[in-house]
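Undergrad: Sequences listed follow chains H and R, in order.
Quick note: the first sequence uses numbering that gives the first Met the number 0, first residue 0, plus one each step.
Quick note: the second sequence uses numbering that gives the first Met the number 0, first residue 0, plus one each step.
For the record, the hints were derived by calculation from the structure and aren't laboratory data.
We treat Cβ as the ideally placed atom computed from N, Cα and C, and that holds for glycine.
Take every hint as true, because none was put in to throw you off.
Derived, one-sided and incomplete: chain R residues facing chain H with beta-carbon distance under 8 Å: (1) L216; (2) R223; (3) A224; (4) F227; (5) D231; (6) A234; (7) A237; (8) V240; (9) E346.
Label-pair restraints from in silico Cβ distances: (10) R/W54 with H/T1: 55 to 63 Å; (11) R/P133 with H/R64: 38 to 46 Å; (12) R/L153 with H/G13: 21 to 29 Å; (13) H/S109 with R/N175: 36 to 44 Å; (14) R/P182 with H/S109: 38 to 46 Å; (15) R/A192 with H/G68: 50 to 58 Å.
Short, incomplete list of chain R residues facing chain H, as computed with Cβ under 7 Å: (16) R215; (17) S219; (18) R226; (19) E230.
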Amino acid sequence: MTLLSVEDLRLSFGGLLAVDGLSFSVREGEIVSIIGPNGAGKTSAFNCVTGFYRPSSGRIALRGRDLRGLRPSAVAALGVARTFQNLRLFGELSVLDNVRAGAHLWLRQSAFDALLHTPRYRRSERECTEQAHHWLDFVGLRGDRHGPARALPYGEQRRTEIARALARRPALLLLDEPAAGLNHGEKAGMLDLLRRIQALGVAVVLIEHDMGLVMEVSERVVVLNFGREIADGRPEEVRRDPAVIEAYLGGAPDA
Amino acid sequence: MKGPTPEPRPEPVTTGRDPAGPEPPDGDRTGARKVRLRGVSRPPTRASRLLANRWAGLAGLLVALLAPFVNATPYALSVMTSAAIFVMLAAGLNIVVGYCGLLDLGYAAFFAVGAYTGGVLSTRFDLPLLATVPAVLVVTVVAGVVVGAPTLRLRSDYLAIVTLGFGEIIRITANNLDVTGGPSGVYGIPPLAGDPVAFYYLTVAVVSLAVLGAARLGRSRLGRAWRFVREDEDAAEAMGVHTYRVKLAAYIAGAVWGGLAGVLFAAHLSAISPASFTFLQSALVLMAVVLGGMGSVPGVVVGAVVISLLPEVLRDLADHRFLLFGILLIAVMLLRPQGLWPARSKEALK
Numbered sequence: 000m001t002l003l004s005v006e007d008l009r010l011s012f013g014g015l016l017a018v019d020g021l022s023f024s025v026r027e028g029e030i031v032s033i034i035g036p037n038g039a040g041k042t043s044a045f046n047c048v049t050g051f052y053r054p055s056s057g058r059i060a061l062r063g064r065d066l067r068g069l070r071p072s073a074v075a076a077l078g079v080a081r082t083f084q085n086l087r088l089f090g091e092l093s094v095l096d097n098v099r100a101g102a103h104l105w106l107r108q109s110a111f112d113a114l115l116h117t118p119r120y121r122r123s124e125r126e127c128t129e130q131a132h133h134w135l136d137f138v139g140l141r142g143d144r145h146g147p148a149r150a151l152p153y154g155e156q157r158r159t160e161i162a163r164a165l166a167r168r169p170a171l172l173l174l175d176e177p178a179a180g181l182n183h184g185e186k187a188g189m190l191d192l193l194r195r196i197q198a199l200g201v202a203v204v205l206i207e208h209d210m211g212l213v214m215e216v217s218e219r220v221v222v223l224n225f226g227r228e229i230a231d232g233r234p235e236e237v238r239r240d241p242a243v244i245e246a247y248l249g250g251a252p253d254a
Numbered sequence: 000m001k002g003p004t005p006e007p008r009p010e011p012v013t014t015g016r017d018p019a020g021p022e023p024p025d026g027d028r029t030g031a032r033k034v035r036l037r038g039v040s041r042p043p044t045r046a047s048r049l050l051a052n053r054w055a056g057l058a059g060l061l062v063a064l065l066a067p068f069v070n071a072t073p074y075a076l077s078v079m080t081s082a083a084i085f086v087m088l089a090a091g092l093n094i095v096v097g098y099c100g101l102l103d104l105g106y107a108a109f110f111a112v113g114a115y116t117g118g119v120l121s122t123r124f125d126l127p128l129l130a131t132v133p134a135v136l137v138v139t140v141v142a143g144v145v146v147g148a149p150t151l152r153l154r155s156d157y158l159a160i161v162t163l164g165f166g167e168i169i170r171i172t173a174n175n176l177d178v179t180g181g182p183s184g185v186y187g188i189p190p191l192a193g194d195p196v197a198f199y200y201l202t203v204a205v206v207s208l209a210v211l212g213a214a215r216l217g218r219s220r221l222g223r224a225w226r227f228v229r230e231d232e233d234a235a236e237a238m239g240v241h242t243y244r245v246k247l248a249a250y251i252a253g254a255v256w257g258g259l260a261g262v263l264f265a266a267h268l269s270a271i272s273p274a275s276f277t278f279l280q281s282a283l284v285l286m287a288v289v290l291g292g293m294g295s296v297p298g299v300v301v302g303a304v305v306i307s308l309l310p311e312v313l314r315d316l317a318d319h320r321f322l323l324f325g326i327l328l329i330a331v332m333l334l335r336p337q338g339l340w341p342a343r344s345k346e347a348l349k
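In isolation and in its complexed conformation, chain H is listed as follows (with noise of 0.2 Å):
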């Protein structure tokens, strides 16, 4: 069943057009990678589904609603979480409250409630504390916890970032570059983490330079260049798809 579904997208700053009729649709449960050269409009893109930019025109729907004109916590309560290309956590909160902010949207608590300290604050400031932990036990954090969210490597704020994505238990999960800036050790490891965050049931979209973690991970790829889809499809056939191979060569003999 279709997720996500976008239909020629268009989003131009002045004269210049960032994505250029972008259509692809993401099944539920499903990891689907979005590649291209730099500045083909992959950010742009995710930017147009997540509410932060509005679309000059096109069609964006999540379960068959429309997300067009919706700022980026309403597409977020209809279930989408996103981490950003640069990192954006809280950095001078905890680590265990910036997974916290993954809560904010299904935690059950009103300001009587934490100004009373009512039972129910107790029993959800807890229950949100416990799956704070899980997540971070899921990304596979070891790092301090209970101190700021900037103290911790540059590695484990990527997981702390994808953890609290995940505490917002969300259907469908927008990743731009989670391996950007790691190690081959930790890319493996992201490697094993996106194959568990596809276990859970999320679907995810993935932007990605490393070719590797692409097409390992993908059930599906899709290409972009100039803000155009040029192809989209399993990984190897888009791996052995010409125009793919000129995008990211240039000038690959004609076919």
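Using the hints, position chain R against chain H.
TA: Relative to the frame of chain H, chain R by itself:
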């Protein structure tokens, strides 16, 4: 910029979990890991530190309760009552500035709205001041929405300018309206308690609840959302925090705290005038928050006490006291820019 180069780490990051394991372990193994990890990341000192924090609050309350036994001259009581009211203002502004990161340079406006609403209603309609509290709550919430709704779409610097303007608008309006008594203000406001000692204790009780309430809000879902907004508005939105509503909530909470402090202020002085609600007042409350440590409840309490008591302690210096006051503030900010009692990033054991 692509993030920083990661430190090379020899060991793989699979953390002992079998990478071939098909299912995310959810049962015993995770549980066992959790226990171990928590044990590692929680040195025993942290529990005692939280305890120290709680004891610090009780100790502060004890000092406030015992102070009249040390010195109960009308002057001392008046100074201490003013200090307590100032603590409540700082606790309220801390919600807006410290928790949520919204720079508000016109906080005295809400103080004025509360004081004038209480003062005008009680004198015009011969009501006891306590009976005006529901009206004060309504008016301050409305004031918070009226100022906040259009301005909170702005980001920091612009917000500061707009709130500065709003603070002046309220003061000048009070100066020019008949119902607020113009420049001479409202006088003959009924007291909340029979004698100064009783009123002091009443003030301490109300302010303690206000400080406790602000602290509890800070440790809740809403309080975390405020900090998420302060740290990174976009990331907060991405996690489902409706940043506009959350900022408005901070603004309204700040307005309510300020308004109720205004009622105490009106009861304390029995007369209020626009001169009490100048930009200087807003700046002093902000000073207390920054000096104490933004976002830290014990910090802002200490900051407020220092800011309100220091000029009185320096009274012997006559004309030079505000000069020394200024020099001391500058010295503190140079030597301890994070505040006297800064908020910790480190999380305490609950």
